[in-house]
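Colleague: Each chain, written out:
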Amino acid sequence: MTVETEIEIMGQHLNERIKKIFGRSLHIREVDAGSCNGCEVEVNALSNPIYDIERFGLHIVASPRHADMLLVTGPVTRNMELALLKTYNATPEPKLVAAMGSCACNGGIFGNTYASGGGVDKFLPVDVYIPGCPPRPQAVIFGLMVALDKFDQKIKRMEVKA
Amino acid sequence: MNEHTDAVRKDFKSEILDENISGSETYFRVKEDAAVRICDQLYHRMDCALVSIFATDRRKKEGCFRIHYLFSSENQLQNDRVQTANGFIIIQIDIAENAPHFHSVTSRVPAANWYEREIQDMFGLIPVGHPDPRRLVNFEDWPPKSYPLRKDFDIRTKPERVKGEYTYRRVEGEGVYEILVGPVHAGVIEPGHFRFSVAGEPVLNLEIRHFYTHKGVEKLFENITLDKAVFLAERISGDNSVAHVVAFCQAVEKIAGVDIPPRARYVRTILMELERLYNHLGDIAGIATDVAYAFGAAHANLLKEEILQLNEIVTGSRLLRGMNTIGGVRRDIGDKKDIISQKLSAFRNDFRELMDLLFASPSVADRIETTGRIYNDIAKGLHVVGPAARASGIDRDTRRDHPYAAYPDLKFKVPVLKAGDVNARTRVRADEVYESIGIIEQALSRLPDGDIKISVKEIHDGYALGYTEAPRGETLYWVMIENNRIERCKVRDPSFCNWLAIEYAVLDNIVPDFPIINKSLSLSYSGNDM
Ligand code: SF4
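From first to last, the protein sequence lines are chains A and B.
Counted the way our numbering counts, the first sequence spans residues 1 to 162.
Counted the way our numbering counts, the second sequence spans residues 1 to 530.
Simulated from the structure, these hints should not be mistaken for laboratory data.
Computed from a prediction, not measured in an experiment: that's the story for all the values here.
There's no promise every hint is true.
Distance condition first, Cα-Cα at most 30 Å in a straight line; then the derived DSBU-like pairs of lysine-lysine [claimed, not checked]:
#1 K228(B) to K122(A)
#2 K122(A) to K219(B)
#3 K161(A) to K95(A)
Which residues of chain B face chain A? A few of them, derived with a C-beta cut under 8 Å, are [what the hints assert, rightly or not]:
#4 T157
#5 I208
#6 F211
#7 L302
#8 L319
Yeah, the Cβ is synthetic: ideal placement off N, Cα and C, and Gly gets one too.
Isolated chain B (complex conformation):
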């Protein structure tokens, strides 16, 4: 039972053209002009998070484009009563080719901002009334009327570069000047452009410009076989390989209607938590580096390296690649149980020592407390996810709210803090490290016997959603299969939600604190740009 879907059905009876339920996903195809009102209601009245918007090119089969608004509907407390809900609500509208536009919801639901601009660039559908209709993915030298995700666009075309201009927001006033950073940075990080407007040290405005690493991933999915797609999913955001590939496999497995063996569910869970461990350690190391706490940074990097080496022992890959496949996992890790538990118990002690030192250091506290605040309402409005959201008082975690793999069988806490600063984000990660170790230990001790995969041969046409909680937060794959090929694969990396939050987090902070704020948000460029 889901109260949110019931309410949509009741309130918008005459607007709904058809309804389709598959598993936990409820699809409502509605009249084009009703979409804004329904989104508004779901978001403001029912408190459902807008987790993605994407388009599909259905011109060949159904004579139109389709836009999908994806909402997450979870149990929640409203007026002292728990509303029961668990699933996803997808609102769909059809767009005719000869009238390629739709009503923007961004001014009502801020989280829609980038999705609508992405659809504009990739499909040529215009979000009418969008407050910022500039290009997003395609740069100014990309020719007009060329839309990569339309079916009649050949992936191998190399459009000519044209002359064009991109205008940045300008802040003017006495003593205000701009600092331009990137795309090539001083450290070993991914490329992106940052433009600060500052007056003295404090930041008045930050504008980010991304998509330098846009590799055409979603188009590529449509042009490769399913087997190869598994490897592509591992390479969308390299350090979140497992979270991505598991989300992808889960979507395809749902379409195929298979349940993977319990042992595979447990192995996947262990891999996902190992991934969280090395990512969180890397982030803590980065923060320690940027506050010039060199000892802590070296120690954290050492602990991260220990997990990377453990990964290699367990799976043959430091980044845990090549383990997952559609239908389960490719290799068993049963004989590695002992070494994992041994390493983790030593790791836990070392980690505790490190965190005690780090949080006891006044110079660290001075740099991270109250730095880079993201207030709860901003985080909610932008749909910030993962540790960044949980540090701003948002109690969401896909592992608990939309359980998958072995998580329903295991006990773990979801740490939530309120302050929303670098300190809170660091502490949330530290707490999550302990939880991860606990999850791995439980999973190891309960590892079920049996197969590690089932073979999935024919996959009938269909679509489904796969989701995981990556180290960076909620990761979503919406996959549509036709004739055993991928017709559409929408990937939503957590960073696509979190990047805009940095523009708020830096306000009134000083420029030298930007690197710390950036690290504490742990943002992937590749996952964002795809």
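Isolated chain A (complex conformation):
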């Protein structure tokens, strides 16, 4: 299967779920919490004409205030910790957090040291983990699909509470 057909199939699945849950599109804010920039290469690839995730209703936005989801890369460095928390707090509820890449999942090769925080879930509740160093674009799209199911559950829980 070529990359194009792979993406086409995944994208349609994704689009259906997004329509069901959000009515329209999922807004994502990417936060680099100290990545090596390898993960950013792949996040950027998601917008190139091959993957073009916009057509499936995935939109990378400029501000956390417009976002439904934070896509966090990097092990959370000591110097990025505060900025990450501020970004999280600026994102409206209900929100999702996806940890993208080995670093974000558990610190990866940078581990837990004086400068590296050892993964996003040490600081924020994480909904999905997308492993890989960096994860291929296909893996990121798959991870987003998993995240959407979680979002569905989240909204239902909020409705029950209300």
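Position chain B with the ligand against the provided structure of chain A, taking the given hints into account.
Modeller: Okay, now just chain B with the ligand, sitting in the frame of chain A:
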């Protein structure tokens, strides 16, 4: 023969404590108070570039700290005569623990600025007379008297956050206001802080604040095995993985005294040029995006994706990771020869079409010509490297000046332009793309038979320098091995040199042009912050 080392020997006879030559590296240990004069002479009179300054903690073995000033000595024309030189000159001084300071050379050699501040933060050695002695790597909440690269600092400690303040430069005057950007940006880019002082649209001053992504990489090297260190080197600046890992491996191979098989040298060269291709395409796409030339951006991103997919076919990794190892490469690419040449010849045509369109578009020209100028003297003073330097008239390229891998066997040109603006940087990259394709084609057609690696088991104690020309420019690793472990690994990413240039490049430009200038310099935050 190296005229520069001869001159140092002659002029500073009584200051040199000892001398040590290994390969192309000449080490002079000198009296502490002579360092500034020698650096001054090397830099101003012999025109040697200061490529790094770093410290080592030798207290346990030799009872002192040591500072190393690393100069690159190359053939050059002076007074109508070519001086012959090829190598690196390292000036070393010893610093006693009870007198932890040294004389700053920054006011004489501006490129020393960040290195000296880095040493201050990481080793607690004070550069006396530094014009800007603020903290650099450690933030204001980092406690005093805690220095991560000292040997008695445990990598797992998590120092408490303390109250502190960082003062920015202030520009005052009627109608002057500040624009604060970052560390979290609007686009998908790495984190860093920019502070503009503007009057209306034009930028009066820009101050950058970095090291948000400081991950303790150099300390980490000292705490992991050599095998794992190879993977760490690939992850210092993710999109320059190959350039980093090859520089690291070359340093270790030099220490081990091994020559890798010719086939491995060629494979490494091909990988390094594939890396250059996708990086340059990404940069061109970024510039096209920021000048709102959407068609060009989409096209360039598509071409970049094609190389990423080719990378995956050839190596299994879109970012070419996991291929290099100490002693050579881990996988052969011989059976991929045809597909690489096929893809590249189509790629060359598409790329040419794209560049013809891009440079013919008046709206693009309008945004990139004369924008973000870096004048030659500024570029020289700050030791700007890579395409940014070559676009400002600096004719340097590690591949040619300090040849490694298969480059000595291959023919290629080093494009140099003078204007120093975004246009020149874009054109230098475009020309380099053609050269890269040419290099890969030559390397494929001459790919030698034989092994792809030799096993390197015991590595005796020693130190050496590894270097490559990354897509962003000169990348250096100084590695010291003791008991088969890394005692010290100094990494110098090209962005560490180039970041300061942006503060000059934006002056008198308008704020909306900042993103274009930034893209055209293609700076890595992670490689800078480490
Ligand atoms: S997971 Fe890998 S590619 Fe992503 S930031 Fe970490 S080291 Fe870089």
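Colleague: If you draw a straight line from the CA of K228(B) to the CA of K122(A), is it 30 Å or shorter?
Modeller: holds, 24 Å
Colleague: Hint validation: F211(B) versus chain A, beta carbon distance must be below 8 Å. Holds or violated?
Modeller: Since chain A brings a Cβ to about 6 Å from F211(B), closer than 8 Å, the hint holds.
Colleague: Verify the proposed pairing of K161(A) with K95(A), using a straight-line Cα cut of 30 Å.
Modeller: holds, 16 Å
Colleague: Just to be careful: measuring from the Cβ of T157(B) to every Cβ in chain A, is the smallest value less than 8 Å?
Modeller: It holds, given that the least Cβ distance between T157(B) and chain A is near 5 Å, below 8 Å.
Colleague: Hint L302(B) vs chain A: min CB-CB distance below 8 Å?
Modeller: holds, 5 Å
Colleague: Go through the hint on I208(B) and say holds or violated, using the shortest Cβ distance to chain A against 8 Å.
Modeller: It is violated, given that the least Cβ distance between I208(B) and chain A is near 14 Å, above 8 Å.
Colleague: Taking only the CA atoms, is the gap from K122(A) to K219(B) under or equal to 30 Å?
Modeller: At roughly 22 Å apart (the allowed maximum being 30 Å), K219(B) and K122(A) satisfy the hint.
Colleague: Given L319(B) was flagged as interface, is its beta-carbon under 8 Å from a beta-carbon of chain A?
Modeller: holds, 6 Å
The structure fails hint 5 only (numbered hints given earlier).
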